[in-house]
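Undergrad: The lines below spell out each chain.
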Amino acid sequence: METAVQTLVDVVSVGGLYALTALGIGLIFGVMRLINFAHSQLIMAAGYAILLFFTQSAALAILAALVAAVLLALLTERAAFLPLRGADPATLLIASFAASFFIEKLMVMFVGSRPKGVDFLPFLAGQVEIAGVRLQLLQIVTIVVSLILLSATTSFLKTTRLGLEMRAAAENFRMAEVLGIRANRVIAAAFAISGVLAAAVACLFVAQTGLVQPRMGLQLVIIAFVGTVIGGLGSLPGAAFGGFLVGAATILLQALLPEELRVFREAFLFVAVAVVLLFRPQGLIPARGMKERI
Amino acid sequence: MTLQPSLTLRSPETAPLGQGYPLVAVRSLVIRYGSITALHGVDLEVNAGEAVAIVGPNGAGKTSLLSAIAGIVRPADGSIAIGGEPLAGIALPDVVRRGVALVPEGRNIFGSLTVLENLRLGATVRSDGAVGSDIEEVFASFPILGQRRNQPAGQLSGGEQQMLAIARAMLSRPRLLMLDEPSLGLAPAIVDRVYELLQSIRARGVAMLVVEQNAARAFALADRACVMSHGAFTLTGTPDEIARHERFDAAYFGVAMSAERSPT
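Chains as they are written, first to last, in this note's numbering: chain Y, 1 to 294; chain X, 295 to 558.
Just so you know, the hints here were simulated from the structure itself, not pulled from any lab data. Note that this is a predicted model, so its numbers are computed, not measured. Keep in mind that the hints are not guaranteed to be accurate.
[Said to hold, decoys possible] Sample of chain Y residues facing chain X (criterion: CB under 10 Å; computed from the structure): (1) GLY126; (2) VAL128; (3) GLU129; (4) GLY132; (5) ARG161; (6) LEU164; (7) ARG167; (8) GLU171; (9) ARG174; (10) GLU177; (11) GLY180; (12) ILE181; (13) ARG182; (14) SER235.
All C-beta atoms, glycine included, are put in the ideal place defined by N, C-alpha and C.
Only chain Y is shown next, with the shape it has when bound in the complex (with noise of 0.2 Å):
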């Protein structure tokens, strides 16, 4: 019993991690079509900020991780994707790709590529008894954060004229311009918004690992990748949902999978996110509005 609940939390909470990741690259999608594999060094940047500042004080931490994430993702922004508004999706990828290797190889090149520890939140690595069941406190801290996050980014888009605005042009962008919606403020705050969930992705991440490196973001921002394709792609719930399938698979097969079979967790995640695109090709929540556009 106590291990199962116990593998359900970890379930959830890693679930939550790769939610909020998803949804911070499901979110750029949505409103321009742009896969922003930069995302990565979103998280990157918020942890390295915190490795600046974690010894003075974890609120100076968090807050410098925020304000790294944010103005990174809007500087990407600006360099490298205004320039290329109106751009197939192709070009718009290629773009990512190189935001994202030029940021992660400037970073190698000023700091190195060695991992660097961080001891940042370590009181969270303490376990609570909760109902009989021993429980680590990041963990829980990792589950409230995520549903906070989840609820704020859903709340935004729904009760705010900015937000709006962004699920209109995630819907018909054209058509939103055409209403008179100023297209570059409303990806401006989109990318925003996903340097916010970057950089809350970026301390608990660094307060489970203990470790900032160059690539950090990478293997998360790939996964949940996955999860925003897996739940439909341009859907945000669907990111959001994909994302925390995916990583909540990642825990069950290491809990279930053989002993000498979990090397080959990743093998099998991606055969299941095969099937479910066999059968499931717009994602498992698709899209609206993906059709056709004036």
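Chain Y is already provided as a structure; the job is to place chain X on it using the hints.
TA: Structure of chain X alone, referenced to chain Y:
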């Protein structure tokens, strides 16, 4: 279905317009898509309060003309001016701020957003406090939209979506309302309603540019009409003149390629 074809939004009052200029002036407009030329030097003026119909077969270039005036497609040559101001320097989201609203072909409502959200987006360019009461007026005129205000607009019928698209465009309080094939894909009874609505909008002094394959419908609404074929106007005149013109059928189907005037 209960679509009441009356929409009594207030008269247009967007940005001030250059005095003495036509609302829209199109000069020698050329539109190209790659190696295909969609419009070969089209001239058109629409004055305040005037309704102009553009009819012609599929592929004649009618949509290209509307898209160019709406700022979606940029001209390869020639010019467009709105209230005397060249369109070339105006970004797409600012065209509607100059008083030009478009109801595109296929309506392009936001299907995943609610009816109310669609209408609120129509008023994006407005900062006055009357948006809420204007939307309530739309709901009073179209009870079905009011009943479904919180449902996804994609669940509406084709006719209801067309009414929503027109109401959404009107919420920007345009001086010129451009409609691309407003009758396309709708049952004749619904087309009647759509055109009654357009008639009521026109009666309030909003200029209109209506593109239609259904010439009879558009002619009944318009002060002036143009027949377009193969990217050029083949006949222009009053709807009556054009409908009675001996070469109307030929012009419509593009037999007469050179632009010629109808008798006056």
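Undergrad: Enumerate the violated hints, using their earlier numbering and listing them in ascending order.
TA: 1, 2, 3, 4
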